[in-house]
Amino acid sequence: MGIWHRPLREWMNGLNTTDPQSIKGKLLINLIDKLVLGVLAAIVVFCVQNEYMENKKFKEIAFEKTKIQTELIATRQKELAQAVDDFIGLIFDKDVLSSGQLKDEADQDKLRTSLKKIRVTVFYLQTLNEKLNKQSQKLVNDASAIYIAAISGAANDKEIEDKLNTLQISYGDLLEEVRQTIRDVMKREYEGSHS
Amino acid sequence: MKKISLFLFLMGIYSLSLAQESPDISLTLIFMPEKYACNPDGYADYIKGEASGCVPLTINQVEKWKRAYVFIKTEIPSPDSNLSLGNRLFGLLDAYRTAPINTADDRKSIVVIFDWKSARTTDVRLTRKIMNTTGRLPFPEMTWEGRLQEERRWIHHERADAFLPIHRVTWILESGGRTWEFGTAP
Numbered sequence: 068m069g070i071w072h073r074p075l076r077e078w079m080n081g082l083n084t085t086d087p088q089s090i091k092g093k094l095l096i097n098l099i100d101k102l103v104l105g106v107l108a109a110i111v112v113f114c115v116q117n118e119y120m121e122n123k124k125f126k127e128i129a130f131e132k133t134k135i136q137t138e139l140i141a142t143r144q145k146e147l148a149q150a151v152d153d154f155i156g157l158i159f160d161k162d163v164l165s166s167g168q169l170k171d172e173a174d175q176d177k178l179r180t181s182l183k184k185i186r187v188t189v190f191y192l193q194t195l196n197e198k199l200n201k202q203s204q205k206l207v208n209d210a211s212a213i214y215i216a217a218i219s220g221a222a223n224d225k226e227i228e229d230k231l232n233t234l235q236i237s238y239g240d241l242l243e244e245v246r247q248t249i250r251d252v253m254k255r256e257y258e259g260s261h262s
Numbered sequence: 606m607k608k609i610s611l612f613l614f615l616m617g618i619y620s621l622s623l624a625q626e627s628p629d630i631s632l633t634l635i636f637m638p639e640k641y642a643c644n645p646d647g648y649a650d651y652i653k654g655e656a657s658g659c660v661p662l663t664i665n666q667v668e669k670w671k672r673a674y675v676f677i678k679t680e681i682p683s684p685d686s687n688l689s690l691g692n693r694l695f696g697l698l699d700a701y702r703t704a705p706i707n708t709a710d711d712r713k714s715i716v717v718i719f720d721w722k723s724a725r726t727t728d729v730r731l732t733r734k735i736m737n738t739t740g741r742l743p744f745p746e747m748t749w750e751g752r753l754q755e756e757r758r759w760i761h762h763e764r765a766d767a768f769l770p771i772h773r774v775t776w777i778l779e780s781g782g783r784t785w786e787f788g789t790a791p
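Chains A and B, in that order, give the protein sequences.
Residue 97 in our numbering sits at position 30 of the first sequence, and the numbers go up by one each step.
Residue 729 in our numbering sits at position 124 of the second sequence, and the numbers go up by one each step.
Note that these hints are calculated values from the structure, not bench results.
We treat Cβ as the ideally placed atom computed from N, Cα and C, and that holds for glycine.
It cannot be assumed that every hint is accurate.
Claimed, not checked - Have a look at the derived ranges for each label pair, beta carbon to beta carbon:
{"id": "1", "chain 1": "A", "residue 1": "Asp251", "chain 2": "B", "residue 2": "Glu746", "range": "40 to 50 Å"}
{"id": "2", "chain 1": "A", "residue 1": "Asp251", "chain 2": "B", "residue 2": "Thr663", "range": "55 to 65 Å"}
{"id": "3", "chain 1": "B", "residue 1": "Pro745", "chain 2": "A", "residue 2": "Glu131", "range": "35 to 45 Å"}
{"id": "4", "chain 1": "A", "residue 1": "Lys170", "chain 2": "B", "residue 2": "Arg783", "range": "33 to 43 Å"}
{"id": "5", "chain 1": "A", "residue 1": "Asp162", "chain 2": "B", "residue 2": "Arg702", "range": "23 to 33 Å"}
{"id": "6", "chain 1": "B", "residue 1": "Arg725", "chain 2": "A", "residue 2": "Asp240", "range": "51 to 61 Å"}
{"id": "7", "chain 1": "B", "residue 1": "Ala673", "chain 2": "A", "residue 2": "Asp176", "range": "37 to 47 Å"}
{"id": "8", "chain 1": "B", "residue 1": "Arg672", "chain 2": "A", "residue 2": "Leu139", "range": "41 to 51 Å"}
{"id": "9", "chain 1": "A", "residue 1": "Met120", "chain 2": "B", "residue 2": "Asn692", "range": "32 to 42 Å"}
Said to hold, decoys possible - Each computed EDC-like pair below joins lysine to aspartate or glutamate, with the alpha-carbon atoms no more than 16 Å apart:
{"id": "10", "chain 1": "A", "residue 1": "Lys184", "chain 2": "A", "residue 2": "Asp152"}
{"id": "11", "chain 1": "A", "residue 1": "Lys225", "chain 2": "B", "residue 2": "Asp710"}
{"id": "12", "chain 1": "A", "residue 1": "Lys225", "chain 2": "B", "residue 2": "Asp711"}
{"id": "13", "chain 1": "B", "residue 1": "Lys640", "chain 2": "B", "residue 2": "Asp710"}
{"id": "14", "chain 1": "A", "residue 1": "Lys123", "chain 2": "A", "residue 2": "Glu226"}
{"id": "15", "chain 1": "A", "residue 1": "Lys124", "chain 2": "A", "residue 2": "Glu256"}
Extracted from the complex, chain A is given alone in its bound form (with noise of 0.2 Å):
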């Protein structure tokens, strides 16, 4: 029996036990127990299960977060894939590779957009997660080299070529980055949500 109802207890030894009313008493006593007993046990229950949907709640938030940044970032790898398509797609349809120049004013005009486009593109996935900074600042650099060379004349074929072949290797570089970036991101989640 309880410790915490014993002032009823003592009300109930008030009442007269060697009636067989005891009985009763006795059985309300257990009853009052029980009663007890099952409201703690209720307010425990509601207590944990209102802590389990907060932090389940909490971590759906925290999920859709994650999503919605790595979608980003996966947007944002896409708009950068169609500007260095637009960039270097320029160089090889002026055949600036055997002249060595960008002549004509309007596709100067085109390469510049396009450069300013990676340029934009950059700036976002730099914003979205610091990892991507160093390899998306070398990708600018190296697409502004060619840019120059392009424009500003008398560069040889040689020259533009190896330049092509260093934005290759950094834009592969960048893909890679984005890639283990959007990994490090949703494995990080997962497990958050898993421990």
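Following the hints, complete the assembly by docking chain B onto the known chain A.
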């Protein structure tokens, strides 16, 4: 009669003011490899901007380079205005800011031809002053001196990135008792 002479007098003053406003010097800026602007090896110390043993350039040589490299020709800016670089040159300088310039082959100069309207014999002095005083200067302030001997044109060259508007460089040209000051703008 009085009206006509007053009109002629006013016209005279107006044409005089126009003559004073017209710029005396035209500028040609050529964006080109440093190793050619400062033949044979480029500037002795690019970062410190120390004096170099560059072979002096000739006008004929520089005029030929205009065919191979990007250049702009403009008048010296009027007071309180800047030298407009234009899309092409600004785009190049902007890209140059982020391009790797580890080797002398990648480094660029801007060669400037100062062209007066008539030949003269006088000293020329050009000062590079950096107005951005916050933090470390991106490159040192410098002064170059030369002399015109019955000549119209004076050739100057320096590191290309100095012309990027972001560095807020002001060039002060002094010659024949006159001074011109200008910066650059996109």
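Here's how the hints hold up against the structure:
Taken as a hint, the range 40 to 50 Å holds for the pair Asp251/A and Glu746/B, whose Cβ atoms sit roughly 47 Å apart. One distance hint, 55 to 65 Å for the beta-carbon pair Asp251/A and Thr663/B, holds here, with the actual separation near 59 Å. Distance hint for Pro745/B and Glu131/A: a CB-CB separation of about 53 Å, inconsistent with the stated range 35 to 45 Å. In this structure the hint that Lys170/A and Arg783/B lie 33 to 43 Å apart at CB holds, the actual value being about 39 Å.
At about 28 Å, the CB distance of Asp162/A to Arg702/B agrees with the hint of 23 to 33 Å. Distance hint check for Arg725/B and Asp240/A: the Cβ-Cβ separation is about 57 Å, which falls inside the suggested range of 51 to 61 Å. A hinted range of 37 to 47 Å for the beta carbons of Ala673/B and Asp176/A is inconsistent with their spacing of about 20 Å. Take Arg672/B and Leu139/A: their Cβ atoms lie about 47 Å apart, and the range 41 to 51 Å holds.
At about 60 Å, the beta-carbon gap between Met120/A and Asn692/B misses the expected band of 32 to 42 Å. With a C-alpha separation of about 11 Å, the suggested pairing of Lys184/A with Asp152/A holds against the 16 Å cut-off. Proposed proximity of Lys225/A and Asp710/B is supported: the alpha carbons are some 13 Å apart, at most 16 Å. At most 16 Å may separate the alpha-carbon atoms for a hinted pair to count; Lys225/A and Asp711/B meet this at roughly 14 Å.
Annotation: proposed proximity of Lys640/B to Asp710/B holds, straight-line Cα distance about 7 Å (limit 16 Å). For the hint pairing Lys123/A with Glu226/A, the CA-to-CA distance comes to about 57 Å; that exceeds 16 Å, so the pair is violated. A C-alpha spacing of about 14 Å is found between Lys124/A and Glu256/A, which places the hinted pair at or below 16 Å, so the restraint holds.
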